[in-house]
Structures are given as C-alpha cells and as structure tokens.
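Novice: Each chain is listed here by its residues.
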Amino acid sequence: MLRVESISYKINNRYLLKDITFSIRKGEMVAILGANGAGKSTLMKILCREKQPSEGRVVFDAKNLNDYSAKELAAKRATLYQQNTVSLAFTVQEVVLMGRYIKETDNTDVANQLALKETMEICGISHLADRSMLTLSGGEQQRVHLARVLSQVWDNKDALLLLDEPISNMDMLYQHQTLAIANALSKKGFMVVCVLHEINLAAQYADRVIMLKGGRKWWDGAPEEVFTSRNIFTAFGVHTQVQTDPRTLITQIGPNGLKLDAAVFNSNLAATYNRRSLKERFISYQDEYPAKALWQIAEALGVTEAELMFLGLGENVTLLRPEIEIILGRIEELGLVKGVTYNQHCETERIGVYRNFSKEGYTTLFLGEDIDLRIFPSRWKIALAVEDKGKESLQFFDTNGNAVHQIYLTGGSYRQVYLDLVEEFKQKDQSAPRIEKTIHKHMEERRDAEIDISDFHQAWNSMLDTHDFYGLVKRFGLTRMQALRLAPPSRAMQVSLESFRRTILHCSNIKVPIMMFTANEGCVQINTGHLSNVNSNGAWLTLSEISGGETKLNEDAVHSVWHVVKPTVDGDVNSLELYGANGDMIVQFFGERKTGIAELESWKKVLSNSLG
Amino acid sequence: MTNKKTIYTCLTLGLFVVVVFSLGLGAMHIPVLDVLTILAKRIGIIDFTVEDDLAENVLLYVRLPRIVLGLLVGAALGISGAAVQGIFRNPLAEPGLIGISAGASLFAVIIIGMESLLFVSLSELLGFYLLAFGAFAGAGFAAMLVYQFSKTDGKPNVATMLLAGIAINALAGALTGLVTYTADEQQLRTITFWMLGSLGGANWDMIIGITPFILIPVLVLPIYGKGLNLFAIGEHQAEQMGMNPGKIKNRVVILSTLAVGACVSVTGIIGFVGLLVPHIIRLIGGADHRLVLPASALLGALVLTVSDMLARIVVAPVELPIGVITALLGAPVFLYILYKDKKKILQ
Chain E
67 MLRVESISYK INNRYLLKDI TFSIRKGEMV AILGANGAGK STLMKILCRE KQPSEGRVVF
127 DAKNLNDYSA KELAAKRATL YQQNTVSLAF TVQEVVLMGR YIKETDNTDV ANQLALKETM
187 EICGISHLAD RSMLTLSGGE QQRVHLARVL SQVWDNKDAL LLLDEPISNM DMLYQHQTLA
247 IANALSKKGF MVVCVLHEIN LAAQYADRVI MLKGGRKWWD GAPEEVFTSR NIFTAFGVHT
307 QVQTDPRTLI TQIGPNGLKL DAAVFNSNLA ATYNRRSLKE RFISYQDEYP AKALWQIAEA
367 LGVTEAELMF LGLGENVTLL RPEIEIILGR IEELGLVKGV TYNQHCETER IGVYRNFSKE
427 GYTTLFLGED IDLRIFPSRW KIALAVEDKG KESLQFFDTN GNAVHQIYLT GGSYRQVYLD
487 LVEEFKQKDQ SAPRIEKTIH KHMEERRDAE IDISDFHQAW NSMLDTHDFY GLVKRFGLTR
547 MQALRLAPPS RAMQVSLESF RRTILHCSNI KVPIMMFTAN EGCVQINTGH LSNVNSNGAW
607 LTLSEISGGE TKLNEDAVHS VWHVVKPTVD GDVNSLELYG ANGDMIVQFF GERKTGIAEL
667 ESWKKVLSNS LG
Chain L
301 MTNKKTIYTC LTLGLFVVVV FSLGLGAMHI PVLDVLTILA KRIGIIDFTV EDDLAENVLL
361 YVRLPRIVLG LLVGAALGIS GAAVQGIFRN PLAEPGLIGI SAGASLFAVI IIGMESLLFV
421 SLSELLGFYL LAFGAFAGAG FAAMLVYQFS KTDGKPNVAT MLLAGIAINA LAGALTGLVT
481 YTADEQQLRT ITFWMLGSLG GANWDMIIGI TPFILIPVLV LPIYGKGLNL FAIGEHQAEQ
541 MGMNPGKIKN RVVILSTLAV GACVSVTGII GFVGLLVPHI IRLIGGADHR LVLPASALLG
601 ALVLTVSDML ARIVVAPVEL PIGVITALLG APVFLYILYK DKKKILQ
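First to last, the protein sequences are chains E and L.
To convert, count from 1 in the first sequence and add 66; that's this note's numbering.
To convert, count from 1 in the second sequence and add 300; that's this note's numbering.
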C-alpha cells in the first residue's frame, strides 16, 4: 500500500504541488492525468524519491519512503523515466539485465534468465537482444527500458511500478501492449502508477484516474466518474464528447477538434496557403456532396462562388475582360445555348437563342422566344469562360462574387464561335480579381406610421405598368413585404402554399400558359409557356415548360405566398409571388401576356378558382 | 563468457610478447633469447647468464624500468579513460581532452616552479610523493570542474563537457606558461620534458614511488563495473535501481584522477590513450564495464608499450615524443567516433 499524505512541493515560494493526498492499494493501476505543468512529473519524482516533498510524506508499505535504503527500495519499486538515453554501446540484453543487478546474483542465475526472457518477450524486444542500444529507434529503446524496469521487480508480487509517460515514443501496438502489461501486472498484485496523456488509453486500462490541475488533485475515481465532459474541459480546456461503449462499458472520449484560421494569426502566409487548401476543400466537398449547388458549397466553405471558380484559373477557367454588354451582344452568334439564372431557392434554365438584344435605360433586354431576360449589366462585374466535365459555359458574377447568369453551350451551339469569343475577350492578366466582401444589408423597415398610406395607395392604384411597382416601392422607402402588407384593399392578399400549388396544377392541366420570373441581384429570367409537367421531388418543385424551359423552386424556403394585383394600361394584372423568410423574392408567376394586350382570362379564372 | 576469457587471454599474451620484443629493440639490439635469459636469471629461475654485461645493464637499468613504467602508465591511462567515460556516460570523455591531465600537469608544474620558494622543506620530506599528490589534486579539481560545468538537468552534456575541457586546457596551458617565467634553468628543463610527455626519465625509484598510486586504482576500479553500467542509463535511474550514484561517482573520480595524476607527474601528458583503448575494447567485447575496465588496463599497457617502442625505433637513435605516436593512433579514432555516432553521442 502506498499512502501519499498531504504532500506539497514548492520552489521559490511557488507551489508546484499543493496538499495532495491519496492512497493506492495492491492490485490497483492508477493513471495520473493533467495538462502540461499540472504537476504530474513532480508528483512522480516525489513518489520515486528523487525529490523530497516540502510538506507531507509518502508512506510505502507502512514505512516512510525516506526510511528505506536505496537497495531495499529498489527491490520493491521500479521506475520508468520519461527520458532514458544510453550513449554507450550496451546491448539490449545487457540493459535489461541491469534491472537484475540488485539481486546480486550472477547473470546466468535461473531467476535472472527467466526474468530476462519473459520481459524481453512481452516487450517485444527478443529479436533485438544482441543489438546495440545506439542502433535502436526511440520507441524500441523505450521498450528496452520498460523491460529493464519490469525485470527489476519481476518476481516481487508486492512491487510498486512507477511509469512516467511510458508510451510517449511508442507506436500504437506498444502503447496498448505497455498499458496492458501494466494492467495485467496490477492484477498480480503490483501497484502501478502511470502518468499518461492519452485520455482514452487511461479510460481503457486504468482502474482509477487521478486528475491534477494546477498542482492540486482535481478529481480522483474510476475512469467513468472522472472522465466527464466537464472535468476534461476543466483540466485540459478541450471540449469533448464522452460516451460509454455499450459493449465493453469503457468510457470513450472524442475531443471536438479545434479549428484555427491561419489568416487570423499568420497573415503573411495566409493567401497562398488558403488558396491551396480551399481548392482541396472544394474538391473534397464536391466529392462528398455531388448534388450541392455552387452557392451552397461556397456558403459552406465561407467564400463566394466566384472565388471557387477562380480556383480553376489557368486550368479550366479563363478570365474574360468584363466588357459585359459587348459580350452579351455577341451571344446570339453562339446559336442554341442554355441560359441559367438562379437565386438561393429558385433556378430557371432554358435552351434557346439570345435574340432581340436591346437596351432600355439601365436595363439590357433579350426578348427572344425562349430566352427572355432583363439584365442589370452594371451589377455584372466578372465574366469567366468555364470548361467543366466537358461542358463549356460563360459565367457571370456580380461584385460580391455571386453568380448572376450562366450560358452553357449545347449540341446546337457554334463551338468555334464560342472559342473565338473566349480568345478575343481573354484577359491578359489571368490572376483572380479581388472580390469585395460587402455584407448585403437588408433594408430596415420603416415604421408603418411614418408612411403616407393614402399617397401610397393612390400611387399603387395609378400604376401604368407592372414594372412601375419597383419604382413605387422605392419611392415610398418600403420593403417589398411592407408594400404588400400596406397595399390598397384587394391589391395584395396572402394565400397558402397549398393554393399556390393548386394554381400551378390547374394551369398545367388546362394548359394555361404562364410566365415564371426568376430573379437575382443581376438579372431576371422569364420562363414562359404551357407547363408540360409538374414534379415534386422532396422539397423541390420542378415546373417543366413544354418547349424545355425548367424552373425549380425550393418549397421549404417559401415563407409566404402573395396574390398581387397591379393595375396597368391594359387592365389589372394578377400575379403570385413567393417570398423567403428574409423577405427576398423567390419567384413570381404571371399569366402569359404581352404589352398592349389584356391579361389572359384563363389565368384570371384559374386564380379565382384556386385561391377561392 | 568465453568471449571475455578469450579477450583477457589474448591481451595478456600480446602484452607478454610485446614486452619481450620491446626489451630487445632499441639503439642497442638485444636478441629475444638473451632478454628471456637475463630476466629468468634475475628472477632466479636459471643459474647461468649471458656473457654481455652491457646488455644486462642496459636491459635492467634502462629498458626494463622504462617498460615497466610504460606498463603502469598505460594501464592507468586505459582504465581511468574507461572509468571517466563511464561517469560522463560518453565515449568521448578522455582525461586529456577534458582537461583532467592539464589540471594535473598545471599543479605539478606549479610545484616544480615554486619548489625553491615554498616547498623546500615539504619537498625534502615527501620527495617524489609531493609531485604525485599535487598532480592528483590538480586532476581531481579539473575533473570536478568539468563535471559541474557539463551537467545539465542531471545528465552530462557532451558539448559543454568538451567545451569546458577546451577552456581548462587553455587555462592550464596559459598558467603553465606563466610559471615557466619564474623557473630557473634546471626547473625549465624539467617543465619542458613535462609538456612533451615521455617515458624517458624512467628509473626504479620513480617506479616504486608511483606504483601504489597506479596499482590501487587499477585493482579497485573494476569493482565499480556494475555501478558504472547502471550509471550509463542515468544518475536518477541508477538510484532507482538501488545504487548510490553519488558514492560511485566520487569514488570513481577519485580513483581515476589519482591514477591520471600519478601518470602525469612522471611522464607528462600522454594523450588519447584513454580514448583509443576503451573504444577498441567496446568494439570487441561490448560496453559492459565489468569487462571494459580491466581489459582497458591490459590494452592500455600494451598500447603504451608499443607506442614507446615505436617512439624509440622509428627515427632511432633519436626518440620521438610518445605523445606524437599516441595522438597519431588516437586522434583518428576520436574523429571516427564523432563521425559515426555524432547524433547519438552529442544529444
């Protein structure tokens, strides 16, 4: 029995250990854990009598530790130090036998030979017996010293075994082997005290754990008592998940990894390092979630979509001069291409020719049969030509690095024209442009009381065109949601998602042509025609237009659906508008219509039927 | 075990052969048979003699004392080298390199230089022993100094050990130089002889004088073989294995500096024997000090006898300083150990 009676140890009036008391019985294996500087090594040095405690005492088998002679103590206590260096060319066997010198019998003595053989075998060094210590690796040397320490007390069943970080140099097998040996010997009557860093190994092999913190005993008990998330955090400052293996009932501790951003503490190296690692993360993320959209990956990796695309610069991505309108004017020459516009919750794609290019104030228009686009070119800042898995495309991003529009080549495209176009507009300097990471601020809603409601109602009722709505909202300093809420009577009604779906299905069934507006910061793409198919896959609702246009929307993101009526010179125009939780518009639906012609009666009818 | 016996047998036989040859060789050649006859008669085994008085006189009063001195000094240097390496736990620790010999020689030179001023009566009283004790004190002082310097975290650090050795060698050299200015011509001659290192001054009185200082360490040091083995693992570790490291360290250091001091007091500094000899033994028989200590004494005697023989005959009738020969043999070994094991040794 080893009794540690309120020992303290101080140097220069600073306590390294303070008032530590515990006792260890025969047959017990005790692990001592604690952070660096918690006092583990000092405690071990006191236990092995290398240091004297400033206060308190250590009693070993009913006798003060200091009353033993070196020889007496060596016969019943063996210590494995953390660091053991042998710089003379002793053989492994000679070193192990040094543990037996205390017996003062000849090396050839049966007990010595048995101890030698058994300890070398169990420490896995039999094959090294005649090798010089100088030729061994750190882990092998440590195993030799373990064998030496074991051989010293091999035939004393009451021995005390002190192991100071015995496994720090060892490979996985011998980490377990060493602790298993210690545990097995404790079952033969040894007292084992072992300083460990590996918390899981302590849980697996120790009968008892003493946790030190700041030189004091923080906790003492069975591993399952000591190893709680809270204790571990207190001692080590690491958050962990603690579970019990249902089969072995052994406590398992899974530390939550720490994540540090190199940019925070090493700004000099950050740029290139991040770029490389971002690429790796991008690739592995794509592999892991092949179905995720680019903006989702960008969000997950904490970058913008454009920055992800820049990773391919010089490889599959070519930076074009941002002469947006000139490029757009040339798209028609590519022939049949696929235009794609998306925001976070809705995506429209449609194959067609970019016909009827025109400009109207700040807006650029394509008024083709299939490609019907409203573009705000001032928002388009970056143009890239991308070749990805055989698909070639022109991709455009806004100043914040968000995708605004993409044009993919199809089987009906003039590829050579595309290649010439890319060559012509290729930017000389192919280094990634800077992305301004301005955080998109949502407009603060003004208080309803500050708004001149009657003026607003009058302005609403005197709209001449649906496009006027944008200006209206802006003029009164409203958010779109606020405008809908404060709308004149029966101009904006909130309806259910269910009634929206009914409307769509009706339109599909009775062939009412509709227009679907998918908008983001940079453009609006309009998908017009009969719905040939309405398909629901999980949260995603896919609306297929008969000539191939497709609009997909995420119903889970829909926060509110509004039926909005806007007066125009051609009469009232009805629309269904879907909004997300933050008030952003997801998608808008109209009946097919052309300027100068009144709204389709069938659309009006469907609406009144479905919305009831 | 047979390995051990073989090593001892070979060394003893080799030593005998070398001694006999060495007795015969020199400015005056004496045939091997004559050598054996003269010796046998002297011991009293046979009763007739070689009809050559000159040969007998050269052999008994010139060559024999010189060779006996060589044997004693060689054994002392060999065993003390091995012991000091055991204490420093490093094969590069050699009394000459780390300043122990220089300390001894400094003290001896001081005694010679100051003789007329201070020690007249003392010197008359103690005679030769004064010098031996002085050298011992110097050696012990230097050894303790280097050990204290080289110890970091309870374990000797080789780099600081060698650097401290350089410093002590330089300091001792400078102080010795200073002393020479106060010396008269007779003293100067003695001091110069010292600096070179030679067995040339051998005579029977001298041998009788130093024998106890050398025989005691050579016979007693091997007792500490086990202790030095444990020491090789570390001072603290040795204590955990039931040894009193402080006791062993003190005794071993006292015994080896006693031997080194005695050697230096009669032959001056003979370098590298303490490095070369234990290294060869470890190569052949392993690092166990129970073998290395006695075998180093035997091999040291052998190496020094051979070196002295070479010193006498290479450019006969002129003599080379023996330090030249031992340095030629030993310095390359030093470099070799450095080259081969630098990572492991210099940690």
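Because the hints were derived from the structure by calculation, they are not lab data.
From the three backbone atoms N, C-alpha and C, an ideal C-beta is built for every residue, glycine too.
One should not assume that every hint holds.
[To be verified] Computed, partial: chain E to chain L, Cβ under 7 Å:
1. V152
2. S153
3. Y167
4. M581
5. A585
[As the list claims (entries may be wrong)] Using C-beta positions, here's what the derived DEER-type ranges look like:
6. Q448/L - M238/E: 55 to 61 Å
7. L475/L - A177/E: 52 to 58 Å
8. C310/L - N132/E: 46 to 52 Å
9. N78/E - Y481/L: 20 to 26 Å
10. K451/L - K254/E: 35 to 41 Å
Novice: Does each hint hold? Answer for all of them.
Specialist: Verification of the supplied hints:
| no. | hint | result |
| --- | --- | --- |
| 1 | V152 | holds, 6 Å |
| 2 | S153 | holds, 5 Å |
| 3 | Y167 | holds, 5 Å |
| 4 | M581 | violated, 79 Å |
| 5 | A585 | violated, 69 Å |
| 6 | Q448/L - M238/E: 55 to 61 Å | violated, 42 Å |
| 7 | L475/L - A177/E: 52 to 58 Å | holds, 56 Å |
| 8 | C310/L - N132/E: 46 to 52 Å | holds, 49 Å |
| 9 | N78/E - Y481/L: 20 to 26 Å | violated, 48 Å |
| 10 | K451/L - K254/E: 35 to 41 Å | holds, 39 Å |
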